[in-house]
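As a plain string of letters, each chain reads:
Protein chains: 2
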Amino acid sequence: MKTGFFNVLDVQSFIDRLRGFDHLPALQTPLDEAHGCVLAAPVVSPEDLPAADRSCMDGYAVRAADLFGTTEGNPAYLECTGTVSIERPADFSIAAGECAAIVTGALLPRGADAVVMVEHTQEMGAGTVEIRKSVAPHEHVMLRGEDAVQGQPALTAGTLLRAQEIGLLAALGVQTVHVHRRPRVGIFSTGDEVIPAHATPRPGQVRDVNSHALQAMARAAGAAVTCYGIVPDDEKALTAMLARTTAENDMVLLSGGSSVGTRDLTMAALDSLDGAAVINHGVAISPGKPLILASADGKGQRCAVWGLPGQVTSAQVVMFVLGIPFVHWLAGRRTPFDQSAWASRRAVLARNIASRQGREDYIRVRLHAEEDGRVTATPVTGKSGLLRTMLQAHGVVRIPAHSEGLDSGTQVDVLLFGGGY
Amino acid sequence: MKTGFFNVLDVQSFIDRLRGFDHLPALQTPLDEAHGCVLAAPVVSPEDLPAADRSCMDGYAVRAADLFGTTEGNPAYLECTGTVSIERPADFSIAAGECAAIVTGALLPRGADAVVMVEHTQEMGAGTVEIRKSVAPHEHVMLRGEDAVQGQPALTAGTLLRAQEIGLLAALGVQTVHVHRRPRVGIFSTGDEVIPAHATPRPGQVRDVNSHALQAMARAAGAAVTCYGIVPDDEKALTAMLARTTAENDMVLLSGGSSVGTRDLTMAALDSLDGAAVINHGVAISPGKPLILASADGKGQRCAVWGLPGQVTSAQVVMFVLGIPFVHWLAGRRTPFDQSAWASRRAVLARNIASRQGREDYIRVRLHAEEDGRVTATPVTGKSGLLRTMLQAHGVVRIPAHSEGLDSGTQVDVLLFGGGY
Chain A
54 MKTGFFNVLD VQSFIDRLRG FDHLPALQTP LDEAHGCVLA APVVSPEDLP
104 AADRSCMDGY AVRAADLFGT TEGNPAYLEC TGTVSIERPA DFSIAAGECA
154 AIVTGALLPR GADAVVMVEH TQEMGAGTVE IRKSVAPHEH VMLRGEDAVQ
204 GQPALTAGTL LRAQEIGLLA ALGVQTVHVH RRPRVGIFST GDEVIPAHAT
254 PRPGQVRDVN SHALQAMARA AGAAVTCYGI VPDDEKALTA MLARTTAEND
304 MVLLSGGSSV GTRDLTMAAL DSLDGAAVIN HGVAISPGKP LILASADGKG
354 QRCAVWGLPG QVTSAQVVMF VLGIPFVHWL AGRRTPFDQS AWASRRAVLA
404 RNIASRQGRE DYIRVRLHAE EDGRVTATPV TGKSGLLRTM LQAHGVVRIP
454 AHSEGLDSGT QVDVLLFGGG Y
Chain B
54 MKTGFFNVLD VQSFIDRLRG FDHLPALQTP LDEAHGCVLA APVVSPEDLP
104 AADRSCMDGY AVRAADLFGT TEGNPAYLEC TGTVSIERPA DFSIAAGECA
154 AIVTGALLPR GADAVVMVEH TQEMGAGTVE IRKSVAPHEH VMLRGEDAVQ
204 GQPALTAGTL LRAQEIGLLA ALGVQTVHVH RRPRVGIFST GDEVIPAHAT
254 PRPGQVRDVN SHALQAMARA AGAAVTCYGI VPDDEKALTA MLARTTAEND
304 MVLLSGGSSV GTRDLTMAAL DSLDGAAVIN HGVAISPGKP LILASADGKG
354 QRCAVWGLPG QVTSAQVVMF VLGIPFVHWL AGRRTPFDQS AWASRRAVLA
404 RNIASRQGRE DYIRVRLHAE EDGRVTATPV TGKSGLLRTM LQAHGVVRIP
454 AHSEGLDSGT QVDVLLFGGG Y
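Protein chains in written order, with this note's numbering: chain A, 54 to 474; chain B, 54 to 474.
Please note: incorrect hints may appear among the correct ones.
The list cannot tell twin chains apart, which means a pair is met if one copy fits it or any two copies do.
As the list claims (entries may be wrong) - With a straight-line Cα cutoff of 25 Å, these simulated SDA-like cross-link-like pairs (lysine to any residue) come out:
1) K436 with A154
2) K342 with N60
3) K289 with G335
4) K289 with A300
5) K289 with Q203
6) K436 with P190
7) K342 with M170
8) K436 with T124
9) K186 with S437
10) K186 with V156
11) K186 with D111
12) K342 with L326
13) K186 with G275
14) K436 with G471
15) K436 with G226
16) K342 with S138
17) K436 with R141
18) K186 with A149
19) K342 with T434
20) K289 with D327
21) K186 with T388
Derived by calculation from the structure, the hints in this document are not laboratory data.
So that you can see chain A by itself, here it is in the shape it has in the complex (with noise of 0.2 Å):
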């Protein structure tokens, strides 16, 4: 490819470029395999659900129009003609002036169109029940059909299938979906001071952090990760492994060392792979400002090419803020990038922060539950390349780029790592 450019994104522009990708293509699923998963095409309805009229509660089944006007003090006589159980449907039906004692669940006998509660009713002997209240037509009845239809779709596709969705395709006897398939994430460090963790550092060498703590965010993600291991600073080795990585993965994630050099070095290997297009160079983001994106040919589809910050931090809060929302737009989700919908937790700020214009900062922040019952979020400042910034921290608030900073005071939507604090 040529990179015929240099340009530095605004975060929204780096998002439309993201969004230039496509979900992944979808596969069939067990169900029970499915949960985090997003449906690729509607699932129509095979019958309806309930697939009669049941009653929601213990009571009685009724006709709602023997009771009009009924009252505590203006109490109903019905003559209970038989009890519906669960398992079976009732061999009768109800009449004017008559009721079927019922339970949960239990299928509405012929008849009747609503159920009066048990607390409601007294059995006053010789198949005499007292109803002290009326009920509307369809009350505490789950009606045929009403949670789905038959040949009308149950979910439609863009479905992120949660534990209720997973519930409802049981209920329905659905068995398999057709959901994108998971991401599949590839990962690697570069730089010829880079070890791996279980070797012993000489002086001036450091252990990879990135391939450990990366692949535990893609994994939680829902991603399938592979990693690769460290790669020197050595433009053919790069070129290489580039080669390989983008051929078996939808996303690469390489992360150099921390030298100046590392970040040219990644350039030039995306230059000499063939079917690399270098998308950006550079973010208006703080911290990953160094964030390139390529795209490569992978195996019948693009692979995203991701050449993080080498700061450990730095490419942790960019792996959030952008990476995470960018495998669950590969696995097939629609407004991944939406903060709004993120998990967070209002909080009232501890000091001021301030922030350059121009760019968004992702401020990480620890939170604190004040006895007041106020939570209070408390920026964590240190030395950039140190860890303890990230693991003293709970999340991270945002100071869009047109802004300079926020009053300590400010209430703040803390978007949150996970995991409590």
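Please build the complex by placing chain B on the supplied structure of chain A, with the hints as guidance.
Positioned in the frame of chain A, the structure of chain B alone reads:
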């Protein structure tokens, strides 16, 4: 056991009983499999991290005292005696009036105690560098031991291992960690009318929803889940299944058909199970009041038996509010029941919510991002027993037991089911 008491507990007392179960024992676990696990013992740092003073920036290693009073208008001139690369410590030291070019991450040469960013310098030729800014000692330097000190705890017992903690441990060369093991959760459904999801219901029968929905929730919470199928409404069969599942798991979730009899059967089956003791029979929570909690002799350690409400939506809400935090408790988290740390989203209530005093209400709500930027939360109402209320909801709003409800327009923290909206 003998069920001497049928006590409806308030939620806090119920949580106190849950805390009576021990955290699970610890296992030595490979680092890359420990994400989301909780340390059962402190990790004592085997070395200093950083191992030596390192530069945070590209620039010049200096002696801060040489630059006292240095400004743009009053620059200092230092003699550059060498360059420090990332992979090899300097073989020279810095004397008064000297400096060395240095890259981010490289070790500080002896004699230097600070770094000046390259932006505030200029090469003047003949080995002279102009410096236009003073620095404090240790400025732009990661000091030896700032992240971890040899022989001191790098992380304390009870620490949840997020991506950043995994990263720290990798940096320290820690390859296995002593973490509480993942909870084993066994799930089965009960009820004569309940059939497997793959079967075709006759009139009156319903497919097993809970095994699938609860399985998804427990797995996402980090548990190892086994599903045991469906048990008919038969005390002996129920007791046999309880004996088997409690021997094989740390937590057993059984959920009834929706008939009244199921609850009594569960109590009777627990009665005839050796070593079992009912802890409560009812919680002042809505939905979820009929919740049963019992303990049973597991193999070597107590197993918690949860008799969930038969209503599938109630079962899911109880699982979200109490069951998942209990999974986390077993896994060693110290304060999983503290909702102030849960993922949430601040929203404006779009309608009044009424609530009965004396019980904690969890109202399902649907979130919506309004055009003016506010997020509104609309209560999702519907007949109990239908699945749709859970499908439409993004989370729940808690109404405390002492409250009679909340007014439209109130700011609420919506506890998020996860997965965005």
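Against which earlier hints does the structure fall short, listed by number upward? 5, 13, 21
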